[in-house]
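There are 2 protein chains.
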Amino acid sequence: MGSLNSQENISSNLFTNPLDPEEFRRQGHLVIDFIADYYKSIEKYPVLSQVQPGYLKKRLPDSAPYNPEPLETILQDVQDHIVPGITHWQSPNYFAYFPSSSSVAGFLGEMLSSGFNVVGFNWMSSPAATELESIVMDWFGNMLELPKSFLFSGNGGGVIQGTTCEALVCAMVAARDQKLRKIGRENIGKLVVYGSDQTHSALQKASQIVGIHPENFRTIETTRSTSFALSPESLKVTIHSDIEAGLVPLFLCATMGTTAIATVDPLGPLCSVAVDYGMWVHVDAAYAGSACICPEFRHFLDGVEGADSFSLNAHKWFFTTLDCCCLWVKNPNALVSSLSTYPEFLRNKATESKQVVDYKDWQIALSRRFRSMKLWLVLRSYGVANLRNFLRSHVKMAKIFEGLVGMDKRFEIVAPRNFSLVCFRVSPAAINNKASSDQNGKRDYCCDANGDEYSVVINDVNRKLLESINGSGHVYMTHGVVGGLYMLRFAVGATLTEEHHIALAWKVVQEHADQILIKY
Amino acid sequence: MGSLNSQENISSNLFTNPLDPEEFRRQGHLVIDFIADYYKSIEKYPVLSQVQPGYLKKRLPDSAPYNPEPLETILQDVQDHIVPGITHWQSPNYFAYFPSSSSVAGFLGEMLSSGFNVVGFNWMSSPAATELESIVMDWFGNMLELPKSFLFSGNGGGVIQGTTCEALVCAMVAARDQKLRKIGRENIGKLVVYGSDQTHSALQKASQIVGIHPENFRTIETTRSTSFALSPESLKVTIHSDIEAGLVPLFLCATMGTTAIATVDPLGPLCSVAVDYGMWVHVDAAYAGSACICPEFRHFLDGVEGADSFSLNAHKWFFTTLDCCCLWVKNPNALVSSLSTYPEFLRNKATESKQVVDYKDWQIALSRRFRSMKLWLVLRSYGVANLRNFLRSHVKMAKIFEGLVGMDKRFEIVAPRNFSLVCFRVSPAAINNKASSDQNGKRDYCCDANGDEYSVVINDVNRKLLESINGSGHVYMTHGVVGGLYMLRFAVGATLTEEHHIALAWKVVQEHADQILIKY
Numbered sequence: 001m002g003s004l005n006s007q008e009n010i011s012s013n014l015f016t017n018p019l020d021p022e023e024f025r026r027q028g029h030l031v032i033d034f035i036a037d038y039y040k041s042i043e044k045y046p047v048l049s050q051v052q053p054g055y056l057k058k059r060l061p062d063s064a065p066y067n068p069e070p071l072e073t074i075l076q077d078v079q080d081h082i083v084p085g086i087t088h089w090q091s092p093n094y095f096a097y098f099p100s101s102s103s104v105a106g107f108l109g110e111m112l113s114s115g116f117n118v119v120g121f122n123w124m125s126s127p128a129a130t131e132l133e134s135i136v137m138d139w140f141g142n143m144l145e146l147p148k149s150f151l152f153s154g155n156g157g158g159v160i161q162g163t164t165c166e167a168l169v170c171a172m173v174a175a176r177d178q179k180l181r182k183i184g185r186e187n188i189g190k191l192v193v194y195g196s197d198q199t200h201s202a203l204q205k206a207s208q209i210v211g212i213h214p215e216n217f218r219t220i221e222t223t224r225s226t227s228f229a230l231s232p233e234s235l236k237v238t239i240h241s242d243i244e245a246g247l248v249p250l251f252l253c254a255t256m257g258t259t260a261i262a263t264v265d266p267l268g269p270l271c272s273v274a275v276d277y278g279m280w281v282h283v284d285a286a287y288a289g290s291a292c293i294c295p296e297f298r299h300f301l302d303g304v305e306g307a308d309s310f311s312l313n314a315h316k317w318f319f320t321t322l323d324c325c326c327l328w329v330k331n332p333n334a335l336v337s338s339l340s341t342y343p344e345f346l347r348n349k350a351t352e353s354k355q356v357v358d359y360k361d362w363q364i365a366l367s368r369r370f371r372s373m374k375l376w377l378v379l380r381s382y383g384v385a386n387l388r389n390f391l392r393s394h395v396k397m398a399k400i401f402e403g404l405v406g407m408d409k410r411f412e413i414v415a416p417r418n419f420s421l422v423c424f425r426v427s428p429a430a431i432n433n434k435a436s437s438d439q440n441g442k443r444d445y446c447c448d449a450n451g452d453e454y455s456v457v458i459n460d461v462n463r464k465l466l467e468s469i470n471g472s473g474h475v476y477m478t479h480g481v482v483g484g485l486y487m488l489r490f491a492v493g494a495t496l497t498e499e500h501h502i503a504l505a506w507k508v509v510q511e512h513a514d515q516i517l518i519k520y
Numbered sequence: 001m002g003s004l005n006s007q008e009n010i011s012s013n014l015f016t017n018p019l020d021p022e023e024f025r026r027q028g029h030l031v032i033d034f035i036a037d038y039y040k041s042i043e044k045y046p047v048l049s050q051v052q053p054g055y056l057k058k059r060l061p062d063s064a065p066y067n068p069e070p071l072e073t074i075l076q077d078v079q080d081h082i083v084p085g086i087t088h089w090q091s092p093n094y095f096a097y098f099p100s101s102s103s104v105a106g107f108l109g110e111m112l113s114s115g116f117n118v119v120g121f122n123w124m125s126s127p128a129a130t131e132l133e134s135i136v137m138d139w140f141g142n143m144l145e146l147p148k149s150f151l152f153s154g155n156g157g158g159v160i161q162g163t164t165c166e167a168l169v170c171a172m173v174a175a176r177d178q179k180l181r182k183i184g185r186e187n188i189g190k191l192v193v194y195g196s197d198q199t200h201s202a203l204q205k206a207s208q209i210v211g212i213h214p215e216n217f218r219t220i221e222t223t224r225s226t227s228f229a230l231s232p233e234s235l236k237v238t239i240h241s242d243i244e245a246g247l248v249p250l251f252l253c254a255t256m257g258t259t260a261i262a263t264v265d266p267l268g269p270l271c272s273v274a275v276d277y278g279m280w281v282h283v284d285a286a287y288a289g290s291a292c293i294c295p296e297f298r299h300f301l302d303g304v305e306g307a308d309s310f311s312l313n314a315h316k317w318f319f320t321t322l323d324c325c326c327l328w329v330k331n332p333n334a335l336v337s338s339l340s341t342y343p344e345f346l347r348n349k350a351t352e353s354k355q356v357v358d359y360k361d362w363q364i365a366l367s368r369r370f371r372s373m374k375l376w377l378v379l380r381s382y383g384v385a386n387l388r389n390f391l392r393s394h395v396k397m398a399k400i401f402e403g404l405v406g407m408d409k410r411f412e413i414v415a416p417r418n419f420s421l422v423c424f425r426v427s428p429a430a431i432n433n434k435a436s437s438d439q440n441g442k443r444d445y446c447c448d449a450n451g452d453e454y455s456v457v458i459n460d461v462n463r464k465l466l467e468s469i470n471g472s473g474h475v476y477m478t479h480g481v482v483g484g485l486y487m488l489r490f491a492v493g494a495t496l497t498e499e500h501h502i503a504l505a506w507k508v509v510q511e512h513a514d515q516i517l518i519k520y
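Read top to bottom, the protein sequences are chains L and G.
So for the first sequence, our numbering puts the first residue at 1; every next one is plus one.
So for the second sequence, our numbering puts the first residue at 1; every next one is plus one.
No lab work stands behind these hints, which were simulated from the structure alone.
Check each hint, because a few of them may be wrong.
Computed cross-link-like contacts, DSSO-like style, restricted to lysine-lysine with a CA-CA straight-line distance of at most 27 Å [stated by the list, open to error]:
(1) K464/G - K519/L
(2) K349/G - K349/L
(3) K354/L - K44/G
(4) K57/L - K349/G
(5) K349/L - K464/G
(6) K57/G - K354/L
Predicted, not measured: the structure shown is a model, and the values here were computed from it.
Given these sequences and hints, build the entire structure.
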């Protein structure tokens, strides 16, 4: 099994129906083995692809083939030409961005969804696709102890979107139209959207898409004093200033687990501010939200009950493959009012009975895949107990890495670690040859680099260190900048990662630091 | 293989890594067999699901399991509880809406995409994902003989979106911002979007999302005299009236293959009108565009050279599974200007070299799947020659069905058949007991029903006929209404459909007509 060299049956697909069940079976087994073999040998590839721009054009023909080619040839090309151009997000040595956590169950769910290949735009087009989604979104919401008002069982409800940006577009369009119905459509240019300088860029993009005036998009500055969380006081000041200028506060995105350092905005106090101004609050928990199925992390979601919508990406840290962004809203009618269309060709008795959910009215697109299948398979295949343990094991590995950083006096932790993300850098002391005198193994988070001309040098050292590490291909990490500090981000969560990979990664960091620091 | 009863290894997944390669292999083979068996036996299920709203809640537990469950149990539940709630879009007896055409190659491409599970937001995050997409979009564009200005090789370019609505949102945001940069952001309330009463509802939805004033969305009436195609003269009149009212024409969506009857708007003349007013023209060829890889159908695209963007859904009639909407634009910079964000965490040398495409700036979402993999597999596995033949075989089957309708004097064809869609109905003559005298087997398309009180009855007969047919479960068709006429739509394109299914479908129609007409 798994051999690409078998010539047997190579041309059997040429004259059969392109969905012939037996050909499906034969080729499907080949590809299962191909992917299983890929996972088995994944550590032999450089984690970050090392190809140069335009590499693939040189290797592929200029046009599609006129005649069919056998799967075996295609798989050989995948191996020879695609794999080198892949950055291996599933490698156990992948610690970049946030994880894109696969699992066997998530993969199988995607297979079943593709196999049925139904287009579940409304209930009638495939009742199971709609009903399973509503059911698993309530299951998952209960696991997260979301307030009942976000669940179908409490007159709210959940929907699977592709990504956070799509979820934000839907929530923002709903908020926009609600507001404009009150103040008049001609005032669209007065609406203001709020986030912090740590909020994901998806907020800005959603704001651009739904027609918010670009000058009315606010990124409120955060500071080290709040661990770069959005301050309710700063929000209030900004809102007041906007209102004085004749503008209308519309939408706040609070984040649970920011992109750079996974900090958590104070949800309760932010919602309290927003409610005074009739704003829609969305909580973006794209990465860290999943952790809240563990009781010890649930407190990070305290205050979510004041929000209007909440989303997390199950494809980040919850074992479904891309894409599976879970969005819950308190008032589904607000989505439906803005996103519903009911053309003649979709008219049907079930919709008219008002007994069913038609998810087309909860999202941008009409067509939709059967994505709940993979969430259902993940929940059932692993169960709540194991899912908690998987997440805890990632947090534990992050703690181990944090400990290793703490033991090397040349390095420092840059921001408090809440989940499975460690933010660290070569410390100024290491370059100043003061490492031995300044360090005591229990130092505070590093000092503010603002205004320090020295910070240019230290940032540059860390940038070079990261480039050197990633160029090696042994591990892959990415960077962040907060408060002027360039740092390395070590995000644990690739499913295959185990403790020995953490030790290896740290060894790689140290070796490259040895090389870089010798020059300073 | 394929047995769900094997107890062997049932608990082996409980203590292993959730992406363990050998467990992946074992379970992957099981699911391949499950899906192959499903295709093999697909004809035994009612095509349109016959369940009632709320059926699944009664069958599933109220919460996610605490402990893991074996795949074998889950697959048994898929069989027992999900399959009955599925409308079988892959059944050879599926003729509803437009097809959602699967293929072995499309499925395998999705598997590889899910297997690698890379998040290809920019070039660097997985160069192969970006480069393969650019390459296959040029391949496909060449197969369609798109003007070079839509291809990367001609300074345009293609991108794979999820759906037409997403493609329209992107194109419309680009058009909106281009226009507002000229006339001032404060004029957003003056922008007007144009389609016809046959344009897909995705246009209205996109328009709502990007902040076009709802009163500035125009659905221009079409008539039988143009086979319900959008008349350039009507467009011009509408535009003039808007300009006189102080509004600003922004965006026109022309359709190649409308939803109800697959008519083709006159692309060239419409583009000529639009260019005079500086409007963006999008051509939506969601269903019928694929046919243009056959030289004999390419003329339907004549005039596309005047458009700014063009899209078709490869997941409809081009053998990729959901979702794979191919969008080509002449001016990618217009998309990038509106959709680009460049936060710190995504900064990288490749982007800064300006030698690469970062597809995140061509779409709504940041994250994106490796969807080009399935288009590549479809193109290579079948080759241009076979792909043409597959599409031709569907058209041929539609012709056969059309012929069968023509031979039964109780029925009439309601609109000219261009592709693989046949629109027909029980004719007024059949009810009037005039069938034998009125019919000569070569009659024109039916008379206009407007103003005819008789049309209420005839529409009702056809509605009952469709309900009766779909209630049988033997085949599934949907309806359309144009010019007041209720008609049955018979869309050929499910991959498994062969000629004997056409004969069977017609027999089902006749039998149900026998039953219905007896009452009239």
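Okay, the hints, checked on the actual structure:
{"no.": "1", "hint": "K464/G - K519/L", "in the structure": "84 Å, violated"}
{"no.": "2", "hint": "K349/G - K349/L", "in the structure": "55 Å, violated"}
{"no.": "3", "hint": "K354/L - K44/G", "in the structure": "30 Å, violated"}
{"no.": "4", "hint": "K57/L - K349/G", "in the structure": "20 Å, holds"}
{"no.": "5", "hint": "K349/L - K464/G", "in the structure": "13 Å, holds"}
{"no.": "6", "hint": "K57/G - K354/L", "in the structure": "17 Å, holds"}
Hint compliance for this structure: hints 1, 2 and 3 are broken, all remaining hints hold.
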